[in-house]
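Same order as they appear, the protein sequences are chains C and W. By numbering that gives the first Met the number 0, the letter at position 69 of the first sequence is numbered 68, and the numbering carries on one by one without gaps. By numbering that gives the first Met the number 0, the letter at position 13 of the second sequence is numbered 12, and the numbering carries on one by one without gaps.
Mixed in with the good hints, there may be bad ones.
Stated by the list, open to error - Restraint-style ranges between C-beta atoms, simulated for each label pair:
#: 1; chain 1: C; residue 1: 135; chain 2: W; residue 2: 253; range: 34 to 42 Å
#: 2; chain 1: W; residue 1: 130; chain 2: C; residue 2: 254; range: 53 to 61 Å
#: 3; chain 1: C; residue 1: 79; chain 2: W; residue 2: 137; range: 51 to 59 Å
#: 4; chain 1: C; residue 1: 46; chain 2: W; residue 2: 26; range: 45 to 53 Å
Claimed, not checked - Computed from the model, here is a short list of chain W residues facing chain C with C-beta under 10 Å:
#: 5; residue: 113
#: 6; residue: 129
#: 7; residue: 271
#: 8; residue: 278
For the record, the hints were derived by calculation from the structure and aren't laboratory data. Every residue, glycine too, gets a C-beta built ideally from N, C-alpha and C.
There are 2 protein chains.
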Amino acid sequence: MTPDPKLPVCVLGTGLIGGSLVRAATAAGYRVWAYNRSEDGAAAARADGFEVTSDLVGTLHRAAEAGALIVIAVPMPAVGAMLSAIASYAPKCPLTDVVSVKGPVLAAVREHGLAAHYVGGHPMAGTSESGWAATFPELFQGAVWAVGVDEGTHAQPWRRVAGLALDCGSVVVPVVAADHDRAVARISHLPHVLAEALAVSGAAGGPLALGLAAGSFRDGTRVAGTAPDLVRAICEPNATALLEVLDDTLAVLTAARDGLRADGSLADLVEAGHDGRQDYETAQRWEITGVTPGDHGWLEALRDAGQRGGALTELP
Amino acid sequence: MTPDPKLPVCVLGTGLIGGSLVRAATAAGYRVWAYNRSEDGAAAARADGFEVTSDLVGTLHRAAEAGALIVIAVPMPAVGAMLSAIASYAPKCPLTDVVSVKGPVLAAVREHGLAAHYVGGHPMAGTSESGWAATFPELFQGAVWAVGVDEGTHAQPWRRVAGLALDCGSVVVPVVAADHDRAVARISHLPHVLAEALAVSGAAGGPLALGLAAGSFRDGTRVAGTAPDLVRAICEPNATALLEVLDDTLAVLTAARDGLRADGSLADLVEAGHDGRQDYETAQRWEITGVTPGDHGWLEALRDAGQRGGALTELP
Numbered sequence: 000m001t002p003d004p005k006l007p008v009c010v011l012g013t014g015l016i017g018g019s020l021v022r023a024a025t026a027a028g029y030r031v032w033a034y035n036r037s038e039d040g041a042a043a044a045r046a047d048g049f050e051v052t053s054d055l056v057g058t059l060h061r062a063a064e065a066g067a068l069i070v071i072a073v074p075m076p077a078v079g080a081m082l083s084a085i086a087s088y089a090p091k092c093p094l095t096d097v098v099s100v101k102g103p104v105l106a107a108v109r110e111h112g113l114a115a116h117y118v119g120g121h122p123m124a125g126t127s128e129s130g131w132a133a134t135f136p137e138l139f140q141g142a143v144w145a146v147g148v149d150e151g152t153h154a155q156p157w158r159r160v161a162g163l164a165l166d167c168g169s170v171v172v173p174v175v176a177a178d179h180d181r182a183v184a185r186i187s188h189l190p191h192v193l194a195e196a197l198a199v200s201g202a203a204g205g206p207l208a209l210g211l212a213a214g215s216f217r218d219g220t221r222v223a224g225t226a227p228d229l230v231r232a233i234c235e236p237n238a239t240a241l242l243e244v245l246d247d248t249l250a251v252l253t254a255a256r257d258g259l260r261a262d263g264s265l266a267d268l269v270e271a272g273h274d275g276r277q278d279y280e281t282a283q284r285w286e287i288t289g290v291t292p293g294d295h296g297w298l299e300a301l302r303d304a305g306q307r308g309g310a311l312t313e314l315p
Numbered sequence: 000m001t002p003d004p005k006l007p008v009c010v011l012g013t014g015l016i017g018g019s020l021v022r023a024a025t026a027a028g029y030r031v032w033a034y035n036r037s038e039d040g041a042a043a044a045r046a047d048g049f050e051v052t053s054d055l056v057g058t059l060h061r062a063a064e065a066g067a068l069i070v071i072a073v074p075m076p077a078v079g080a081m082l083s084a085i086a087s088y089a090p091k092c093p094l095t096d097v098v099s100v101k102g103p104v105l106a107a108v109r110e111h112g113l114a115a116h117y118v119g120g121h122p123m124a125g126t127s128e129s130g131w132a133a134t135f136p137e138l139f140q141g142a143v144w145a146v147g148v149d150e151g152t153h154a155q156p157w158r159r160v161a162g163l164a165l166d167c168g169s170v171v172v173p174v175v176a177a178d179h180d181r182a183v184a185r186i187s188h189l190p191h192v193l194a195e196a197l198a199v200s201g202a203a204g205g206p207l208a209l210g211l212a213a214g215s216f217r218d219g220t221r222v223a224g225t226a227p228d229l230v231r232a233i234c235e236p237n238a239t240a241l242l243e244v245l246d247d248t249l250a251v252l253t254a255a256r257d258g259l260r261a262d263g264s265l266a267d268l269v270e271a272g273h274d275g276r277q278d279y280e281t282a283q284r285w286e287i288t289g290v291t292p293g294d295h296g297w298l299e300a301l302r303d304a305g306q307r308g309g310a311l312t313e314l315p
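Let the hints inform the model, and build the full structure from the sequences given.
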């Protein structure tokens, strides 16, 4: 799909997202190698035929020599250590990440002096499973892959990152870090928080309530099955945006409770919620065209298009 | 599946649940006829080969003559009108319902002097669709069907109702009205309320947020796609139990918000939510045996077994 020759990709972390990226990029024709902290995880990936080691320095030396695109695919708490190693061993490589929050990664990248080569990324894909055993190459097919267009982003690494996302079967939504973090607080982190609260409430009803539970409870609590450490690593780094959305949602729920108590009606909440779900179901993604990375104003043009629901399905 | 000869069934209301019951009971070998308020809905069902009319009095006369089991399958706001008609035209028929709340139906049944023939029912099945066009006979396959064991319930109608549920492919969980209503507030009505609130929050993020939304938002808002009138008819009659659960959930979410603000941690919520989802996933339904309807203490024995996660898969 990308017009460029496929330059190599080096993935740091082979959990669900990173490991699936190793598989997907390999399937798309990239030369791919990867690092995983645990030797057990690396060995499992090698057993499936992929080049994965637990030698971080060696992995990064190879990336530096080959000019590989480095993809950070570890949870937020481990990002700093990866950036330190990259600054030491592969500081000139184009760099992206697949971490679920973008502001804190961008700040850490700037602290490590790597901003000139960095383009943030976040594939909106996942399951409640984790680890190499859960990986599969189709994870990104038909998904949305947020790609950073923050001030100072350079066209060359941007094309590498967007090209990789497209080659893995995703569409690219251009977004700046702050906008991304506010949006995912609403549509990814709040769902986690509400799912956990619903699971708590259901379990408090004991065997009878859990025995009566059907589709609405099953679907509403699905992501509460995700490993707690992973949920925390996804949500807590986005605390600022999440707190704002949580406050809004507490206000919405409190108003609904008060209305139900006062006059037995949930009308306002239910009408607004139905409208919101309709907005989601009928949202039309439109194709961004006519913006060439590197041209005057390209970052602002892409940001604006992303905010209005646009996406790229091929490299401009 | 039932040892008895299959006595006829008369369904009042041919929306998603009632209409699917017409299909399922017919497929299970019952003689079934039904009433639907709208002639258009009745005509659609007749076009599919079922005996459905918009003549309520005629439908009930036929039920009285045949000793049919009458199933009330209208939303709670329309239950009173059905009971008035039944009290006038078929007061001796065994009677059940598939309404999503049980206390208010039981109270209305008692007001109409029909309690001796009544056994509450609630199949825990549904989709976000509604109306005859959405009906299908497999809706109840593998579902849980709550069947009332309230004080004063008689064995004969109980066997008719439980037998119908089993013949439609469900398992039977015996439960009294108050326990049922508290349980479904947790696992059915709270999921609706949280889904609506999540949809509101997502839509407030505009095209960017909705464009980035993936599985957690899609699943978490699914039931917000249900018609608002239907959601209100399901949740509002259970206001008392729902208010209690909403208060609990607001407390849980407020504590999570405060913890996130104070020390950046969602640990308590996420651990408890994960435990709750695990309880749900690992809950083992066990087979209730050795209780014969009509024997001394049968209602208490079935209620106790239901509370402890038991279910019937055949008529005792």
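Violations among the numbered hints = 2, 5, 6
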